Amino acid sequence: MNLEEIKKTIIEIKEIELKKIIDNSSKHVNHSALEHTRVKLTHLELWVVNKLNLSRIEIHRIIYDKLSNYFLKGLHSVEIKIFK
Numbered sequence: 042m043n044l045e046e047i048k049k050t051i052i053e054i055k056e057i058e059l060k061k062i063i064d065n066s067s068k069h070v071n072h073s074a075l076e077h078t079r080v081k082l083t084h085l086e087l088w089v090v091n092k093l094n095l096s097r098i099e100i101h102r103i104i105y106d107k108l109s110n111y112f113l114k115g116l117h118s119v120e121i122k123i124f125k
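In the working numbering, the protein residues as written are 42 to 125.
Hints in this document: simulated from the structure, not taken from any laboratory. Treat the numbers as computed from the prediction; the structure is a model and nothing was measured. Hints are supplied without guarantee of correctness; some may be wrong.
Stated by the list, open to error - Derived lysine to aspartate or glutamate pairs resembling DMTMM-like cross-links, with alpha carbons at most 25 Å apart:
id: 1; residue 1: K114; residue 2: E46
id: 2; residue 1: K60; residue 2: D106
id: 3; residue 1: K48; residue 2: E99
Said to hold, decoys possible - DEER-style ranges, computed between Cβ atoms:
id: 4; residue 1: K48; residue 2: L93; range: 17 to 25 Å
id: 5; residue 1: M42; residue 2: I121; range: 17 to 25 Å
id: 6; residue 1: S67; residue 2: W88; range: 13 to 21 Å
Even for Gly, the Cβ is constructed at its ideal location relative to N, Cα and C.
With the sequences and hints as input, model every part of the structure.
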């Protein structure tokens with residue numbers, strides 16, 4: 042799992058346009074929840090444009106559904122900033 046792979050996955054989502062993806066994992070190195078993981082990519086920040094005027098909850102659901110396999114691989118948190 043790497044940032045480029047996740048970026049490609051998010052770009053496939055037709056309801057949004059990805060503007061920026063940021064790896065914030067280094068800010069959370071000492072989280073107790075991550076104590077026993079070897080995964081380097083754990084925290085992301087996404088800046089997306091809502092292309093279809095969906096609700097914020099719908100956008101979050103779509104993104105989290107699309108990233109579900111990455112959460113199983115060790116992704117811990119995704120912060121989503123939505124712009125119109």
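Results of checking the hints against the structure:
no.	hint	in the structure
1	K114 to E46	13 Å, holds
2	K60 to D106	19 Å, holds
3	K48 to E99	19 Å, holds
4	K48 to L93: 17 to 25 Å	20 Å, holds
5	M42 to I121: 17 to 25 Å	18 Å, holds
6	S67 to W88: 13 to 21 Å	18 Å, holds
Consistency with the previously given hints is maintained throughout, with no hint failing.
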